[in-house]
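K.L.:
Chain by chain, the residues run as shown.
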Amino acid sequence: MEKFDCIVIGAGNGGLVAALTLQKKGKNVLILEKGLAPGGVATSFRRGRFEFDASLHELCGYGELGNKGEIDALFERLGIESKVEMMHAKEAFHVVDKLTKDEYSMPVGVDNFIEKMEEYVPGSRDSMTTFFGLCEDIQDALSYLHSEKGAIDEKDLYQKYPNFVQLAPYKVNAVLEKIKMPKKAIEILSTYWVYLGSPIDDLSFVHYASMVYSYVLYGPAIPTYTSHELSRVLENEFKNAGGTIYYLSEVEKIDVEDGEVTGVQTKDTSYATSHVIANLSPKVVYGKMISKENVPIENCQLENERILGARGVSIYLGLNASCEEIGFHHYTYFLSNNLNSKVEYKKMQEVFHGNVVGVVPNIVNKKASPEGTCILNLTSLIFGDAFDKLVNKENYFDVKEQLADFLIRSFEETTGISIREYIEEIEIATPLTFARYTGHPSGVIYGYMAKGYDNLLPRTFSEEEETRIKGLRFCGGFGARLSGFSSTYLNGEDVAMKTLGE
Amino acid sequence: MKDIVMEKEQKKLFEKFNDLSLGRRDITKHSSKDLPKYNYPVNNLVSAFHPSKMEVVVTKIVEENENTKSFWLKREDSEYLPPFKAGSYITLEVHTNGRIYKRPYTISSDTNSLKEYRITIQEEKNGIVSHYMCHECKENDKLTIYGPFGHFHYSLIRDSSDIICLAGGSGITGVRSMIVDLLRTKKVSSIELIYGTKTVNDILWKPEFDELAKKNKNFKVTYLLSEEKREDYPYGFINEDLLRNLNPEGKTFFVSGPVAMYQALNDVFVKMDIPNKFIRHEEFRESLETEDVETYELTIHQKGNVTVIPCKSNQTLVQSMEEGRFSAPVHCTVGICGYCRSKLISGTVKTDTSALRKKDVDLKYIHPCVTYPLSDIEIELP
Chain A
1 MEKFDCIVIG AGNGGLVAAL TLQKKGKNVL ILEKGLAPGG VATSFRRGRF EFDASLHELC
61 GYGELGNKGE IDALFERLGI ESKVEMMHAK EAFHVVDKLT KDEYSMPVGV DNFIEKMEEY
121 VPGSRDSMTT FFGLCEDIQD ALSYLHSEKG AIDEKDLYQK YPNFVQLAPY KVNAVLEKIK
181 MPKKAIEILS TYWVYLGSPI DDLSFVHYAS MVYSYVLYGP AIPTYTSHEL SRVLENEFKN
241 AGGTIYYLSE VEKIDVEDGE VTGVQTKDTS YATSHVIANL SPKVVYGKMI SKENVPIENC
301 QLENERILGA RGVSIYLGLN ASCEEIGFHH YTYFLSNNLN SKVEYKKMQE VFHGNVVGVV
361 PNIVNKKASP EGTCILNLTS LIFGDAFDKL VNKENYFDVK EQLADFLIRS FEETTGISIR
421 EYIEEIEIAT PLTFARYTGH PSGVIYGYMA KGYDNLLPRT FSEEEETRIK GLRFCGGFGA
481 RLSGFSSTYL NGEDVAMKTL GE
Chain B
1 MKDIVMEKEQ KKLFEKFNDL SLGRRDITKH SSKDLPKYNY PVNNLVSAFH PSKMEVVVTK
61 IVEENENTKS FWLKREDSEY LPPFKAGSYI TLEVHTNGRI YKRPYTISSD TNSLKEYRIT
121 IQEEKNGIVS HYMCHECKEN DKLTIYGPFG HFHYSLIRDS SDIICLAGGS GITGVRSMIV
181 DLLRTKKVSS IELIYGTKTV NDILWKPEFD ELAKKNKNFK VTYLLSEEKR EDYPYGFINE
241 DLLRNLNPEG KTFFVSGPVA MYQALNDVFV KMDIPNKFIR HEEFRESLET EDVETYELTI
301 HQKGNVTVIP CKSNQTLVQS MEEGRFSAPV HCTVGICGYC RSKLISGTVK TDTSALRKKD
361 VDLKYIHPCV TYPLSDIEIE LP
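The listed protein sequences correspond, in order, to chains A and B.
When we follow the working numbering, the leftmost residue of the first sequence carries the number 1, and every step to the right adds one.
When we follow the working numbering, the leftmost residue of the second sequence carries the number 1, and every step to the right adds one.
In short, the hints are calculated from the structure, not lab data.
Please note: incorrect hints may appear among the correct ones.
[Said to hold, decoys possible] Computed list of chain B residues with no C-beta within reach of chain A, every gap over 10 Å: (1) Gly98; (2) Gly127; (3) Val270; (4) Asp292; (5) Thr351; (6) Arg357.
[Stated by the list, open to error] Cross-link-like lysine to aspartate or glutamate pairs, in silico, EDC-like; alpha carbons within 16 Å at most: (7) A:Lys101 with A:Glu413; (8) B:Lys303 with A:Glu2; (9) B:Lys29 with A:Glu305.
Note that beta-carbon positions come from the ideal geometry of N, C-alpha and C, so glycine has one too.
Please put together the full structure from these sequences, using the hints given.
P.N.:
In structure tokens, the structure reads:
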């Protein structure tokens with residue numbers, strides 16, 4: 001039987017970074033991946049003359065020369081910073097209010113952002129300045145928090161980062177109201193909530209602030225050759241460091257004896273190890289991969305309480321005309337039925353709701369598709385199990401087509417840009433598609449909902465206590481840092497360091 | 001940054017929590033102790049649409065003409081086969097000569113009858129699998145299939161509601177399924193089918209097409225013969241004049257047939273300035289014609305194992321794996337699906353990288369199913 005210091009289940013963002021971190025620290029690591037390519041949803045696919053990114057809209061926290069962000073700093077530690085080619089957007093986002101037809105274009109750079117907001121919402125400057133000041137404090141505190149390997153001393157934390165500790169229990173809207181931010185400014189500022197998958201009255205301020213800050217400070221970044229480039233480079237670096245990765249190897253069982261991990265099994269092979277890092281949902285791991293008698297009851301209780309996050313529908317369009325010809329001027333279009341996230345969230349429990357994020361990679365990356373063409377990716381999130389309830393074997397293909405038709409129409413009507421006549425290639429991904437490639441329950445792409453007790457900080461502070469099977473840890477979108485590219489990359493390293501500590 | 005002073009009440013609230021886990025423990029204290037639920041309806045549908053493989057039994061074999069047979073396949077472990085879009089293919093696994101071969105065949109049956117799939121196979125010159133199927137395979141035989149796969153489909157959003165199908169020889173199989181589906185669901189306004197064969201006897205399902213044309217005013221079929229002159233049939237190949245007569249502007253072409261047909265039509269489409277958007281075609285690859293055959297060594301790394309087999313310069317690496325009794329991961333055989341995608345560790349090859357991702361081209365990945373060796377080769381399979 002092959003024996004490894006650590007086995008990583010799933011080659012998603014978290015799994016790849018965790019594996020590479022450990023391998024570089026001299027451990028002998030095996031990644032078992034059920035699919036054919038690295039990255040999980042951080043991948044791309046080809047249709048005709050187009051290559052589509054399956055999931056990445058924009059990476060936050062990737063700095064430029066002389067202005068280091070968390071992610072490029074991580075990539076430097078991993079030795080891949082010079083091996084990936086990143087490009088930055090000049091605009092943070094462009095939001096269109098479907099109701100009022102008002103549009104807001106928010107620039108990159110803290111000062112620019114504050115000025116622009118003052119233009120749209122006179123009298124917002126002071127509160128915006130306070131907001132970004134808090135962001136800085138939070139960023140520092142989070143860096144400290146994640147660099148601590150063992151349990152965190154809360155008194156010490158309070159001494160060093162009083163703002164952070166005071167704000168920690170509060171939600172986005174509570175803090176923004178507290179610092180007297182005008183309502184309109186709150187609505188514009190909270191545009192990114194869809195990327196975190198919870199309305200701002202559920203979302204931890206700390207988490208939201210750290211993400212917005214990264215976007216505004218460095219600008220959203222994308223790799224030249226899609227997120228597959230990042231995944232492939234991570235995989236390559238892992239293999240070059242002596243790591244082993246087996247594809248088409250679905251783990252069926254994690255062996256546990258006397259509360260400790262002893263190995264894993266695929267359909268035809270058993271491997272010995274005392275450390276497993278699972279880059280998948282704990283619901284799946286505890287639900288079917290460990291014999292019942294070895295599953296801690298407290299973990300079952302927690303998993304039964306947690307709510308699955310957003311599912312998503314993504315329409316990938318290869319268009320046979322350039323951005324100029326079609327009339328695309330923005331990289332990211334957020335199209336909202338209602339800028340109030342609470343109202344919008346409620347509506348997004350339906351499948352057909354028209355809240356769409358449109359991304360045109362060619363605005364930032366000229367190499368995104370052949371000359372004279374461009375790509376438009378439309379994504380619409382669904383909260384809850386409405387899609388599970390809607391589809392069956394008989395209607396699935398039709399529902400897919402109706403959804404694509406609906407979202408394209410929503411985009412066209414809201415932006416006034418017509419795209420239909422240019423469609424040369426179309427692919428449609430639904431929760432079923434994501435379930436097929438990731439195995440996630442209900443095809444969820446955003447891990448668990450960031451509900452009060454399940455926000456960034458409670459997850460981080462409870463991690464050690466909830467690690468009840470010795471040697472079994474979780475990384476990825478269901479992990480302590482929540483979902484999203486930057487979170488899962490960083491979380492991969494956190495978990496690797498904790499595993500190393502054992 | 002100066003401290004944000006919290007209201008007394010809020011501060012109290014925080015102190016009550018006393019830890020930053022925000023009462024996480026209390027919240028879960030009373031929840032169910034059962035194993036967590038992980039399978040949702042969508043997850044069950046994944047298995048219905050994308051089983052990893054299927055064991056099927058041949059329930060009926062129909063001789064369509066002297067060198068073409070249809071096979072009806074029924075699933076052994078389930079009542080229904082996966083739903084598919086008209087134009088999809090399955091990969092058929094055949095065991096013969098002590099070796100395992102996998103080949104793609106388009107489903108020729110209707111999308112609304114999922115108890116059985118029909119595939120229609122024309123015997124090809126030197127075709128190992130088509131020979132086996134047409135001569136050795138009997139009713140009640142068991143086979144393994146994978147799929148359905150493919151992207152040769154009609155799209156309501158992308159394609160015109162007037163379509164022109166150009167089918168050559170056995171390329172009619174998926175087109176037949178598509179036409180029946182589109183007429184039944186009334187998704188298009190008009191369908192024009194140009195179906196080229198060598199002789200009248202080669203035409204598949206002529207009575208069915210004639211009947212469909214009679215019943216549906218918006219469906220028209222023209223049979224074109226290339227090796228037999230008959231009074232009531234046009235003679236020759238599909239050419240520019242013929243296409244111009246169809247008023248092709250704004251209509252979508254669906255092209256399916258032998259390689260020579262694609263090559264000829266490609267030139268015509270370019271000449272007629274028809275945009276890519278309006279041309280959908282079944283995937284295909286040319287086979288390499290070469291006089292000199294060299295034999296090299298193919299070293300394969302897979303999951304920690306190393307296998308060395310001979311490979312020939314006139315065979316794809318996948319064909320050499322089949323010959324060398326190495327179980328090749330392959331589905332489409334034409335360099336599209338990505339299932340065999342491998343890293344080229346060393347050696348020089350003749351290959352087609354047009355369907356690879358850009359980063360994979362940079363890092364020397366190849367599709368062994370469309371790769372011919374020009375030296376000893378070392379690859380890493382997934």
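K.L.:
Take the hints in turn and mark each one as holding or not.
P.N.:
Quick rundown of the hints versus the structure:
Consistency note on Gly98 (chain B): stated as away from chain A, and its beta-carbon is indeed over 10 Å from all of that chain's, at 22 Å minimum. Residue-level check passed: Gly127 (chain B) sits 28 Å from the nearest beta carbon of chain A, beyond 10 Å. The Cβ of Val270 (chain B) sits about 15 Å from the closest Cβ of chain A, beyond the 10 Å cut-off, so the non-interface label holds. Residue-level check passed: Asp292 (chain B) sits 33 Å from the nearest beta carbon of chain A, beyond 10 Å.
Non-interface status of Thr351 (chain B) relative to chain A is upheld: no Cβ of that chain comes within 10 Å, the nearest being about 15 Å off. A Cβ of chain A approaches the Cβ of Arg357 (chain B) within 10 Å, the least distance being about 5 Å, so the stated non-interface status is violated. Restraint check for Lys101 (chain A) and Glu413 (chain A): satisfied, since their Cα atoms lie roughly 10 Å apart, inside the 16 Å limit. Using a Cα cut-off of 16 Å, the hinted pair Lys303 (chain B) and Glu2 (chain A) holds, with the two alpha carbons roughly 11 Å apart.
Taking the CA atoms of Lys29 (chain B) and Glu305 (chain A), the gap is about 10 Å. The hint holds against a cut of 16 Å.
Consistency note: the structure conflicts with earlier hint 6 alone.
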